[in-house]
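So the sequence lines, in the order shown, correspond to chains A and B.
Numbering-wise, the first sequence is residues 1 to 133 according to this note's numbering.
Numbering-wise, the second sequence is residues 1 to 133 according to this note's numbering.
Honestly, I wouldn't trust all of these hints.
Stated by the list, open to error - The calculated lysine-lysine pairs, modelled on DSSO-like cross-linking and capped at a C-alpha distance of 30 Å, are:
hint	chain 1	residue 1	chain 2	residue 2
1	A	Lys121	B	Lys73
2	B	Lys58	A	Lys109
3	B	Lys121	B	Lys109
4	A	Lys101	A	Lys73
5	A	Lys58	B	Lys121
6	B	Lys121	A	Lys10
7	A	Lys58	A	Lys10
8	A	Lys101	B	Lys73
9	B	Lys58	B	Lys109
Stated by the list, open to error - Stretch-level coverage of chain A by chain B, calculated; a stretch enters the list once three of its residues show a Cβ under 8 Å from a Cβ in chain B:
hint	segment
10	24-36
11	70-79
12	95-108
13	111-117
To be clear, the hints were calculated from the coordinates, so they are not data collected in a lab.
Where a beta carbon is used, it is the ideal one built from N, C-alpha and C, also for glycine.
2 protein chains.
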Amino acid sequence: MSESWLDEIKWTDDGLVPAIAQEEVSGKVMMFAWMNRDSLAETIATGRAVYWSRSRQKLWRKGEASGHEQRVKAVRLDCDADVILLEIEQCGGIACHTGRKSCFYRTFKDGEWVETEPVIKDPAEIYAGSKGK
Amino acid sequence: MSESWLDEIKWTDDGLVPAIAQEEVSGKVMMFAWMNRDSLAETIATGRAVYWSRSRQKLWRKGEASGHEQRVKAVRLDCDADVILLEIEQCGGIACHTGRKSCFYRTFKDGEWVETEPVIKDPAEIYAGSKGK
Numbered sequence: 001m002s003e004s005w006l007d008e009i010k011w012t013d014d015g016l017v018p019a020i021a022q023e024e025v026s027g028k029v030m031m032f033a034w035m036n037r038d039s040l041a042e043t044i045a046t047g048r049a050v051y052w053s054r055s056r057q058k059l060w061r062k063g064e065a066s067g068h069e070q071r072v073k074a075v076r077l078d079c080d081a082d083v084i085l086l087e088i089e090q091c092g093g094i095a096c097h098t099g100r101k102s103c104f105y106r107t108f109k110d111g112e113w114v115e116t117e118p119v120i121k122d123p124a125e126i127y128a129g130s131k132g133k
Numbered sequence: 001m002s003e004s005w006l007d008e009i010k011w012t013d014d015g016l017v018p019a020i021a022q023e024e025v026s027g028k029v030m031m032f033a034w035m036n037r038d039s040l041a042e043t044i045a046t047g048r049a050v051y052w053s054r055s056r057q058k059l060w061r062k063g064e065a066s067g068h069e070q071r072v073k074a075v076r077l078d079c080d081a082d083v084i085l086l087e088i089e090q091c092g093g094i095a096c097h098t099g100r101k102s103c104f105y106r107t108f109k110d111g112e113w114v115e116t117e118p119v120i121k122d123p124a125e126i127y128a129g130s131k132g133k
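Let's have the full structure, built from the sequences with the hints guiding it.
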């Protein structure tokens, strides 16, 4: 497969592009992460979301530790060709390493950030016997 | 109002934070942009989305040229405190400077990016007599 579709993306100087993951069925924005060429190419090839972990400097196959893989239903690109939107099916219904459905679980109310989503599963249980998210 | 809620955000070295705007009523992801402290503070204070234009290096009051303002219904923060999610009402139903509803109007299909959203209004008409988006 030609990689011209990868060349159309405006990568950062570090070779990355921001990626938003949205749950297809609910429309819920689940998480935000970064991708490099390899992670996006693997995402397209396998249909599973693969990000680039900036902290660990390696490919991050979402769910490899937690089992909470993301099956990719659609991959979209924005007008400036510098942001990716994934529409996904979230295995286990949990995207966040805190055990919540979405990473965006805090809401601004009266001058502070308030937790507005419950922990569905204890992270200690999610990551029993493994490392990373 | 105390600004401790601003201090809780992990700003980039450039003093920015990524921001995702989602249409509250439809769940549609409309656009992605960046914010600095001033833009987020003004967003909270006024209830209108204000971003930081990296290309113009100035506050970008969304809709100031197009009239397509965004009324902010909720402001959320992710688990790492380094990404903002805005739930908005999109004035005019158009977020993208190309005249489409969402900036994410291209979808990956069979090895290429395909336009999958219509232009609702000609940009020449949107920006008649003004500059910028």
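Results for each hint:
1. With a C-alpha separation of about 28 Å, the suggested pairing of A/Lys121 with B/Lys73 holds against the 30 Å cut-off.
2. This hinted pair checks out: B/Lys58 and A/Lys109 have alpha carbons roughly 27 Å apart, not beyond 30 Å.
3. The hinted pair formed by B/Lys121 and B/Lys109 meets the criterion: a straight-line CA distance of about 25 Å does not exceed 30 Å.
4. Of the supplied pair hints, the one linking A/Lys101 and A/Lys73 holds, its CA atoms being roughly 18 Å apart against a limit of 30 Å.
5. Annotation: proposed proximity of A/Lys58 to B/Lys121 is violated, straight-line Cα distance about 42 Å (limit 30 Å).
6. Taking the CA atoms of B/Lys121 and A/Lys10, the gap is near 26 Å; set against the 30 Å cutoff, the hint holds.
7. A hinted pair counts as satisfied when its Cα atoms are at most 30 Å apart, and A/Lys58 with A/Lys10 qualifies at roughly 20 Å.
8. As the CA atoms of A/Lys101 and B/Lys73 are separated by approximately 21 Å, the hinted pair is consistent with the 30 Å bound.
9. At most 30 Å may separate the alpha-carbon atoms for a hinted pair to count; B/Lys58 and B/Lys109 exceed this at roughly 36 Å.
10. Three residues within the 8 Å Cβ limit are the bar, and the segment 24-36 of chain A against chain B gives 6, so the coverage statement holds.
11. Counting residues of the segment 70-79 of chain A whose C-beta lies closer than 8 Å to any C-beta of chain B gives 6; at least three are required, and the coverage claim holds.
12. Counting residues of the segment 95-108 of chain A whose C-beta sits closer than 8 Å to any C-beta of chain B gives 10, which meets the bar of three, so the coverage hint holds.
13. Using a Cβ-Cβ cut-off of 8 Å, 4 residues of the segment 111-117 of chain A lie near chain B, which meets the minimum of three, so the contact claim holds.
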